[in-house]
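Student: As you go down the protein sequences, you meet chains V and U in turn.
Using my numbering, the letters of the first sequence correspond one by one to residues 10 to 268.
Using my numbering, the letters of the second sequence correspond one by one to residues 319 to 625.
Hints are computed from structural coordinates only; laboratory data are not their basis.
Note that the coordinates shown come from a computational prediction; the quantities given were computed from them, not determined experimentally.
We put the beta carbon where it would ideally sit given N, CA and C, even for glycine.
Please note that a few of the clues may not be correct.
[Claimed, not checked] Per the computed footprint, the stretches of chain V lying under chain U, defined by three or more beta-carbons under 8 Å from a beta-carbon of chain U, are:
hint : stretch
1    : 91 to 105
2    : 113 to 126
3    : 161 to 169
4    : 177 to 188
5    : 229 to 237
6    : 240 to 254
[Claimed, not checked] From chain V, some residues computed to sit far from chain U (all C-beta separations above 10 Å):
hint : residue
7    : Leu55
8    : Val56
9    : Glu62
10   : Asp64
11   : Ile147
12   : Arg219
13   : Ala223
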Amino acid sequence: MMRRLIIILASVVLACGAGPAAAERLVVSLSNHRVAVTSNFIGEELVLFGTVEPDPPTSALRPPYDLVVTVTGPRETIRTRRKQRMLGIWVNVDSREFVSAPSYLAVLSNRPVSNIASQDTLRRLQTGLDNFLLPQRIGVDVADTVRDEPFRQAFVRLKTQQGLFRESATAVTFLTPTVFRATIPMPAAVPTGTYNIDVGLFSGGVLVARTNSALEVIKAGFEQYVADAAREHGLLYGLATALMALVIGWFASVIFAKD
Amino acid sequence: MQIYLPIADLPVNVFLVLGMGLAVGYISGMFGIGGGFLMTPLLIFIGISPAVAVATVSSHIAASSFTGAISYWRRRALDIALAMMLLSAGIVGTATGVWLFTELRALDQLDLLIGLSYVTLLTIVGAMMIYESVRAILRTRHGMPATLRRPGSHTWLHGLPFKLRFKRSKIYVSAIPVWAIGFVIGFIGAIMGIGGGFLLVPMLIYFLRVPTATVIGTSMVLTLVTMASATVMHAATNHLVDAVLALILMVGGVIGAQFGARTGQKMRGERLRLLLGLLVFAVGCRFAYELVVKPDDLYSLRYVTGG
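Please model the complete structure; the sequences and the hints are all you need to start from.
Tutor: Below is the structure:
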């Protein structure tokens, strides 16, 4: 923990908020910008620290503040399928394709997002799981649907069950009225790639400052090597696996051979 | 101890997977089968996607059947000529199976195909094995020999052209049923992630009348080659073989198989077949239950592209 704090202090990232009112500025720092997925990776928790600063320094602050941190993982296309009974058995009959949906989506705040700002504001800023844009391919068109559409609901629910989508109203803590801490959970099944962290500061239901940060999830060491080999040299990888099977099979018969 | 699987993209407990390998290996050694029909469902049960499970299990079966084949080779209980003949068709069957696997994965119906083929194959084969072994057990109770020897009985299969003589098995049959059996085993092996040993052995005994002495060894050679080639083809086309998972399964599997083989040799043949029949039938019913009963969640996700 102490080391983590030192890292945080050493690598304070300054980012200027381009909020509409421009009376506040957000300064945030992430405990770790790189999550390495190694063979013993079982998930990790990242910590984002930050303060609200007056900008320009002479202007007055307007607490109480609300903070919403939205973390989005690399985009992917996912098909959501629905089963229906046909001839007595359950078959996938219908599906929708979610185009470039975030593979990971965490909406972290200090209190429920629906209490932070009006529904219109949240919708416009795409804040909260319900308001996040999740375009579906419908025929040749790509469009987001109403938020209670069954496929969208199922998609969000399944991703939430996998621990990859979450909305937490307790993940952000204000240590003082202007200093905050957010914990970003990274479950074991977290996809690799670049993650975007969007931090939005609200005061009186209005977005007053906004800043960005990023982190990277990478496979490291042996995992990286195996995954690359499987993807880029499929045939060689297959031959190597088959050879491994033969060697182990032969080895066992030598060890256990009884004469 | 958790280990992260690079292709399946999830962490698993090493000892759990090793234990599964040991248990399935024990059963496979005992009955002289690959054990894929048990391993694939187990892997799906611990959260590995059906596609990765099917592709990875093929390499595990290759390892355990190679161990078996070596020991049968030492005892000269192996008909290489027959195995080669079955193989030439088996490879074609495997390639067709891998191709269909890829096509159906794109159509979202792979899970259904795997489920349906498990249900039909396992329940039918299981029921047949139970019926046959119970009759054999009843016959021994009445003081008669367990197996009825009907050396002169010929079916229509023996009337087909392209006859070949297999010296070690002491049979003289047409190449057509040999080819058909090889193709079917290779095909379903690739789709279901099973070696097909539990299908091949009865097929060789009942259709081709291969003597029991050479049948298991021969079936192991076929299983070995179809599963090794299925591993290579799955890796080359679908990139779904998880080498780390395969390694853990193999180590457990080959050790378990050695102990299983010792238990199996102490048991009477028809008892062994009854047990295997019950096991196969039970797994088939488990799959049938899943298809017929309303699933907990009607919706499921499938990843089309990553990143």
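Student: Hint by hint, say whether it matches the structure.
Tutor: Quick rundown of the hints versus the structure:
no.	hint	result
1	91 to 105	holds (count 10)
2	113 to 126	violated (count 0)
3	161 to 169	holds (count 5)
4	177 to 188	violated (count 0)
5	229 to 237	holds (count 5)
6	240 to 254	holds (count 11)
7	Leu55	18 Å, holds
8	Val56	22 Å, holds
9	Glu62	36 Å, holds
10	Asp64	37 Å, holds
11	Ile147	15 Å, holds
12	Arg219	26 Å, holds
13	Ala223	15 Å, holds
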